[in-house]
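A.B. asks: Whole structure, please, built from the sequences with the hints as guidance.
Chain residues, written in single-letter form:
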Amino acid sequence: MSKTAVTLPVLSDTMQTGRIIRWLKQPGDTVKRGDVLAEVESDKAIMDVEAYADGVLVGPLAAVDTDVAVKSIIAWIDNLPPQPTAATSSPAPSPSAPPQTPAAAPAPTPPAGATPTPTEPTSAPPTAVVATGATTSPVLAAALAAREGGGAASPFARGLATELGIDLSLLKPGTDGRIGTAQVLAAAIGPQLPHLDLGPVHRIERPTPLKAAMADNMQRTVHTPTFHVTTALDLRAIDAAAQAAHQSFTLLLAHACAQAIDKHPDFNACWTPGGLARRERIDIAIAVDTDGGLITPVLRDAMRPLAELAEDWRELRDKVARRRLVPADYTGATFYLSNLGMFAAVEQFDAIVPLGSAAILAVAAPAHDGRTRLTLTCDHRVIAGADAARFLATLAEQLQATQATIK
Amino acid sequence: MNQDLHLRFLRDMLRARRLEERLAQEYAKGNIGGFLHLYPGEEAVAVGVVAAAEPGDYIVSTYREHVHALARGVPMRAIVAELFGKRGGCSGGLGGSMHLFDAQRRFLGGYAIVGETFPIAIGAAYAVQLRGLPEAVICFFGDGAVNQGTFHESLNMAALWKLPVLFVCENNHYQIGTEIHRHSALTEVSKRACAYGIAAQRASGMDAQVVHERTSTMLAQVRAGQGPQLLELETYRYRGHSMADPGSYRPAVEVAAYTAQDPIGAELRELALHCPDDATLARLGLESCSALAARYVQAGHLDTAALTRLEAEIQAEIDDAVAFAATSPEPTLDDARRALRPGVDLATLI
Amino acid sequence: MSVQNITYWQALNRALDAEMAADEAVFILGEDVGLYGGTYRVTEGLQAKYGDRRVLDTPISEGSFTGLGVGAALVGMRPVVEIMTVNFALLALDAIINMAAKIPFMSGGQFHMPLTIRMPGGVAHQLAAQHSQRLEHTLMNVAGLRIVVPATPQDAYWQLRQAIRADDCVIVLEHELLNFEQGPVDESAAPPPPHRAIVRRNGRDLTIITYSRMVKPTLTAAAQLAASGIDAEVIDLRSLSPIDWPTCVASLRRTGRLLIVEEDSRFAGAGAEIAASLTELCFSSLRAAPVRLAALDLPTPYNKRLEELSIPQPADIAAAARALIGANPEENAA
Chain A
0 MSKTAVTLPV
10 LSDTMQTGRI
20 IRWLKQPGDT
30 VKRGDVLAEV
40 ESDKAIMDVE
50 AYADGVLVGP
60 LAAVDTDVAV
70 KSIIAWIDNL
80 PPQPTAATSS
90 PAPSPSAPPQ
100 TPAAAPAPTP
110 PAGATPTPTE
120 PTSAPPTAVV
130 ATGATTSPVL
140 AAALAAREGG
150 GAASPFARGL
160 ATELGIDLSL
170 LKPGTDGRIG
180 TAQVLAAAIG
190 PQLPHLDLGP
200 VHRIERPTPL
210 KAAMADNMQR
220 TVHTPTFHVT
230 TALDLRAIDA
240 AAQAAHQSFT
250 LLLAHACAQA
260 IDKHPDFNAC
270 WTPGGLARRE
280 RIDIAIAVDT
290 DGGLITPVLR
300 DAMRPLAELA
310 EDWRELRDKV
320 ARRRLVPADY
330 TGATFYLSNL
340 GMFAAVEQFD
350 AIVPLGSAAI
360 LAVAAPAHDG
370 RTRLTLTCDH
380 RVIAGADAAR
390 FLATLAEQLQ
400 ATQATIK
Chain B
0 MNQDLHLRFL
10 RDMLRARRLE
20 ERLAQEYAKG
30 NIGGFLHLYP
40 GEEAVAVGVV
50 AAAEPGDYIV
60 STYREHVHAL
70 ARGVPMRAIV
80 AELFGKRGGC
90 SGGLGGSMHL
100 FDAQRRFLGG
110 YAIVGETFPI
120 AIGAAYAVQL
130 RGLPEAVICF
140 FGDGAVNQGT
150 FHESLNMAAL
160 WKLPVLFVCE
170 NNHYQIGTEI
180 HRHSALTEVS
190 KRACAYGIAA
200 QRASGMDAQV
210 VHERTSTMLA
220 QVRAGQGPQL
230 LELETYRYRG
240 HSMADPGSYR
250 PAVEVAAYTA
260 QDPIGAELRE
270 LALHCPDDAT
280 LARLGLESCS
290 ALAARYVQAG
300 HLDTAALTRL
310 EAEIQAEIDD
320 AVAFAATSPE
330 PTLDDARRAL
340 RPGVDLATLI
Chain C
0 MSVQNITYWQ
10 ALNRALDAEM
20 AADEAVFILG
30 EDVGLYGGTY
40 RVTEGLQAKY
50 GDRRVLDTPI
60 SEGSFTGLGV
70 GAALVGMRPV
80 VEIMTVNFAL
90 LALDAIINMA
100 AKIPFMSGGQ
110 FHMPLTIRMP
120 GGVAHQLAAQ
130 HSQRLEHTLM
140 NVAGLRIVVP
150 ATPQDAYWQL
160 RQAIRADDCV
170 IVLEHELLNF
180 EQGPVDESAA
190 PPPPHRAIVR
200 RNGRDLTIIT
210 YSRMVKPTLT
220 AAAQLAASGI
230 DAEVIDLRSL
240 SPIDWPTCVA
250 SLRRTGRLLI
260 VEEDSRFAGA
270 GAEIAASLTE
280 LCFSSLRAAP
290 VRLAALDLPT
300 PYNKRLEELS
310 IPQPADIAAA
320 ARALIGANPE
330 ENAA
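Each protein sequence line maps, in turn, to chains A, B and C.
Residues in the first sequence are numbered from 0 upward in steps of one, following numbering that gives the first Met the number 0.
Residues in the second sequence are numbered from 0 upward in steps of one, following numbering that gives the first Met the number 0.
Residues in the third sequence are numbered from 0 upward in steps of one, following numbering that gives the first Met the number 0.
Everything labelled a hint here was simulated from the structure, so no lab data went into it.
One or more of the hints may lead you astray.
[To be verified] The calculated lysine-lysine pairs, modelled on BS3-like cross-linking and capped at a C-alpha distance of 30 Å, are:
1) B:K161 <-> C:K48
2) C:K215 <-> A:K2
3) A:K318 <-> A:K70
C.D. replies: Quick look at the structure:
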């Protein structure tokens, strides 16, 4: 074939759908390998969709602001040289100057048939000649018109939901846009759904990908048995030293945690039914609060010198600011650090141990006595109370040592 | 003037007449359902024509076919049981009055659609011709059928290929309630045949002897491969088109005139030495058969005992047939399914 | 005998030849079947071989020459009636529906009906409304008829021979646009039962049921769908009466999604029976309502573009499959 498909990239192994935020190129535009065609939002970040071929962008383009399944085709690049003018010229979609998000319907374009060299007779769709306002042929329209809308649930799912007393309107559809048995079963064996009809009138607001991911991730930790141990340390001196040296206090904390973890390897492990997973590197995720929600960029190999860590941390923060984080940046941590010290009101808090780690350290703001409460939440399948106590002791020592090295 | 032949005609026509009268009664009692098209008045046609047929000939008839089947030798029991919708019927109770079939006697139905007998007949005739056999196909139809497209198409093909078909038109002048002058531009059916180059004759259908003679001659020619022929027989049905039709669209004078030509009466006249005068004939009707018979007996022309015996035999045959029909079992749904495609098991074909 | 690559019409021709040679009771009749060799060449050469009595040119009298076939079948012949196109069969419906389908039944099973009626139908190239009809739904509804719809030369060969050998009335519904399609034919291979459906392509994600001319574009669409990760199972029904429900059900129970692709028009078309029956048989396995992709409920327009728009095209098939899966049907699959 003389065309290359442009597909929605898979940005993580859990990503099922993405949303096209905007098209940077329009049908008819000449594109080169590496050009950015569109921006796509995944559950964590905005990604660029690159062209992998040279040619002319050809529609129909997938709609913006609609969930599209990964690997599905969102556009085409015609490898043949661009046509002179005539019928193949772009049917002028409204967004000409600002590449804003156009109307929900994909821009009506002359699809493959635009090239006057049909390959096989069967592949020259006669419907292509009919570049009318409607993009579907009448035969297809008739076939799909009589069906229930996409929000419906499958008959079996509906029946199951009725039997189990589950309110279908509270469920999130699957990737095909419908509520299926999987969704109903998940609701049945998962957390109970609230009886919203007992309260005031409500509407369901769709979450952003980031918020949805957070909900999913936290939901999944429900079965982890945890306990908390808190210690109170006077970190005012370190904080002051860090500020004076223009270093990130959080980074210093992370560095100190790494040293402590190194001496207490269980804190770098992770529980599996088959046994403890021991990781060969200490990767510490640091919780970051952004406009869109919680995100956890990961410092890889946190045992490296501080200067290197600082460089990585700077890059990560930059990506967070530009919403350019990729899955490789925020997945696979072995230990978590959450610092709410910038919020003076927070005297103490405990965090949730994410899957994939055995512990998370929650750092509050200095209390009225000048000391900061650090709360370690641990997976009790991996760590016992005494282990946690010893870890915190080591951590305190490390923090002292770190302070000494700050320039 | 073959006495035996006349007796045979009388016997068959009386059987036909008495049977049809009895069927009307059974219909009124509810033992026969649907449509019932009766034949009284036309007996000479079926009896005369079928008497001229050989066992190897094929007969295709219309929905007014009881007498054709009877004349052909289909047992009266089988006919009555079929009308009663019973398994003992000649079509297993699945066809009814309009669909009598008898494969063994080459009686090919029995059709409710006017004009269907033509293509069936030329089909059977084509097979006969392909096989090179000296057989003929007799195709019955009414005056209404000659306006159906199949009449023209089939006569054309019959003539084109010189098929061994004798087309017999039972012209009783009516297409249900529409008299022939109101349904046909050309009321002499036999004249239509020339459009296809087919030899045709026209004769009175009220006289069994005439019918038989003409038919015999024409059939011999047809079997000899001279091509199809058409015989138009003028006749009259004394009753309405069917049980549902009182036939009141016909002027009483007309009915009376034809009743006077009752073929059974004609047979009785033949068997007698002298014919009654015209004035006497004017008063003849159905009941007049018995009256005429009585007169002949009085005049010594007819053997009372023989006639009485004949009537008694016929009555017994009819009673027996009705009793048989009444006690014959009903067909089952399995019978119906098997009849749909006899000998073919759908399950083995998927 | 080896496998040969021949056209659909040649396969029909060979089937007729084989049956004519094997049984003197077989004879062919129809318009221009003899001297002319058939307007679609199906009877080419047969009159020269078997004579003008066994390959009979008829006048234009569909009703009566089809009825002639009925009459001849009643008395033991095996006529093969060619009705030039299915459109003309309307003139012969009395013979087909009132006679052929019913005489065995009305006679209480006394008479068989070893009659074969062949007719090509469907939308060809701008033949306009009266020459482009699909009447399968009309005939499907008639008890007493069987209908085969061969899509390949091999099936044309097999199913015509089986029809002629059958003792009941079989309609062979061909398609004008299939006549010059080539395909392998093995004349000595044992045929499957005449009404068994064949899975032409195995798949996981959806079941596409189709027949006759729509089989090939459906397979093309399935190949395109495969390229984007949708694995379609394609069933060639081969028969519209009876229908091989077990094959369809086995497939649908696995995939849970049904797409019917037919050239028949949508309202009360062939697909309506298929959709209704399979929904009844497989309701608990269905993950979505079936989709019927059919021709518009419109007489076929003469205008080329409108004619194309009025029947399913390959792009429609892929798009309908996507819609059934739940993906965006608007994605161009061509």
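A.B. asks: Taking the hints in turn, state whether each one holds.
C.D. replies: Quick rundown of the hints versus the structure:
no.: 1; hint: B:K161 <-> C:K48; result: holds, 23 Å
no.: 2; hint: C:K215 <-> A:K2; result: holds, 23 Å
no.: 3; hint: A:K318 <-> A:K70; result: holds, 25 Å
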